[in-house]
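With chain U held as given, fit chain C onto it using these hints.
2 protein chains.
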Amino acid sequence: MDLSLIEALGKVNLVIMEEKIRTLSMIFANHFTAQLDTVKLRTGRTTERMKIDHPEAAAVIPFLDEERILMVRQWRYAIGQDTLEIPAGKADPGEDLEICARRELLEETGYEPARVIHLFSYFPAIGYSNEVIRIYAASGLKRLSDAQDMDEIASVETLSLHEAHDLMLEGRIRDGKTVIGLAWFQLLKDRGKIPSDFFS
Amino acid sequence: MDLSLIEALGKVNLVIMEEKIRTLSMIFANHFTAQLDTVKLRTGRTTERMKIDHPEAAAVIPFLDEERILMVRQWRYAIGQDTLEIPAGKADPGEDLEICARRELLEETGYEPARVIHLFSYFPAIGYSNEVIRIYAASGLKRLSDAQDMDEIASVETLSLHEAHDLMLEGRIRDGKTVIGLAWFQLLKDRGKIPSDFFS
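Chains as they are written, first to last, in the numbering used here: chain U, 1446 to 1645; chain C, 1446 to 1645.
This is chain U alone, in the form it adopts within the complex:
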C-alpha cells in the first residue's frame, strides 16, 4: 500500500467517528422514516442514536413590500399549539428547492412571486434528523387565488417586519425556520447584502 493511500485512510478514520452497528427499530411515515440504531462511538463505547431520514425542505419569507410580510397560522400537532410561521414545506422527490418554495407559497397563501432569492440553508435538528431547510425571500407578489391549503393553514396574516421582530422578542414567534429566516434577513439587510433591486 503506498503512503498516500495510507494517509488517505488515516484521514477517513479520523472523520468517521460513529459507526452503525445495527438498526433496532424503524417507523415508515408517508414522506420520511425514523430509525433507532446502535452505534459505536469514537471512544469504542456503544450507544443508541435516533435518525430521522427527511426530505429537504424550503421556507420562504414573502414580502408584500419592503416593510410587510405574509405569515401563515397553522396547527402544529407535535407541540399541540397553533403557530405563526413563514410558508414552508417538504420538497417532492426530485423537486428543485426554489420551485418547492414557490409552490408552497402559492398553496399556502395564493400568491406567486416575481423574485426569489436564497438566504440560508441549515440543519434544524442535527441531533436526530438529516433535514435541511433552505430559506428564501420572495418579492413582487401577485395574488393568483384565494385558495389556501385548507388542511394545514388556518389563516394568512400580514405583519410588518417590525411587528414580527416584536413577536420574536416577546417569545410569541418561536418556530426555528421563521426565526432564522427573519434574523438572517435583518443581518443581511443591516450589512447592505440584500440586492438593491429586490424590492423594485
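Because the hints were derived from the structure by calculation, they are not lab data.
A couple of the hints might just be wrong.
Which copy? The list can't say, so a pair holds if one copy fits it or any two copies do.
[Claimed, not checked] Below, simulated EDC-like cross-link-like pairs (lysine to aspartate or glutamate); rule was C-alpha separation at most 16 angstroms, straight line:
no., residue 1, residue 2
1, LYS1634, GLU1501
2, LYS1634, GLU1512
3, LYS1634, GLU1597
4, LYS1587, ASP1510
5, LYS1535, ASP1498
6, LYS1485, ASP1596
7, LYS1634, ASP1510
8, LYS1465, ASP1596
9, LYS1465, GLU1552
10, LYS1485, GLU1543
11, LYS1638, GLU1615
12, LYS1587, GLU1557
13, LYS1634, ASP1527
Showing chain C alone in chain U's frame:
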C-alpha cells in the same frame, strides 16, 4: 350552559385543529420517543403525523471575551458529518435549563462561567418534534479541567465572532441552534440589548 362557557368552548374548538385517532407505531430511545399517529385534520380528512417527544435542551455561546467564543467539533450521526457548534445538550429529568447549560459547557469544554444570560427559546423542528431549545450566552469563563466529553466532542475550538459569522455566510456553520444563537446575539448587540456588565 351559560354564554361565557359556550364562548369558551367555541374558542377551544377553534384552537384544537388536529385530533389524534390512534398511534400506529412507536420507538423508545434512551431519552425520548418517536411515534406515528393517525390524526383528524381541521377539514375532517385524516393523515399521519410523526411526533418526537423530546426533553427540553439548552445551548450556550461561551464568550472568552467580547470578541472570542468557544465552539465544539463533534460527529453528527444523523447527517454523517462532523460539525462546529455551540455546546448544547438535553436536560436531565427535572433539571433547570440554565443549570443544564452550565453542565453541558463544563462537560464539553472544561470551562465554568461567572455569568449566564438567556437569549432566546425556540422550537427547532416544529413539524415533527416538541423539542424546545433554550439558548444562553455565558461569560467570565474559568477553566476548571482539561476533561471533555470524549464520547461526543472531537475538539474545542476558539473563534472570533467575526470568523464564526464568516463561516455561517460561507455555509460552513449550518447547525440551527448555533446560527440562531449567533444571529440573535448579534441582533441584540446591534440594538444595545446585551447588558453592559456582561463582558465586565
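- Item | Hint check, failures only | Failing hints, ascending: 1, 3, 9, 10 and 13.
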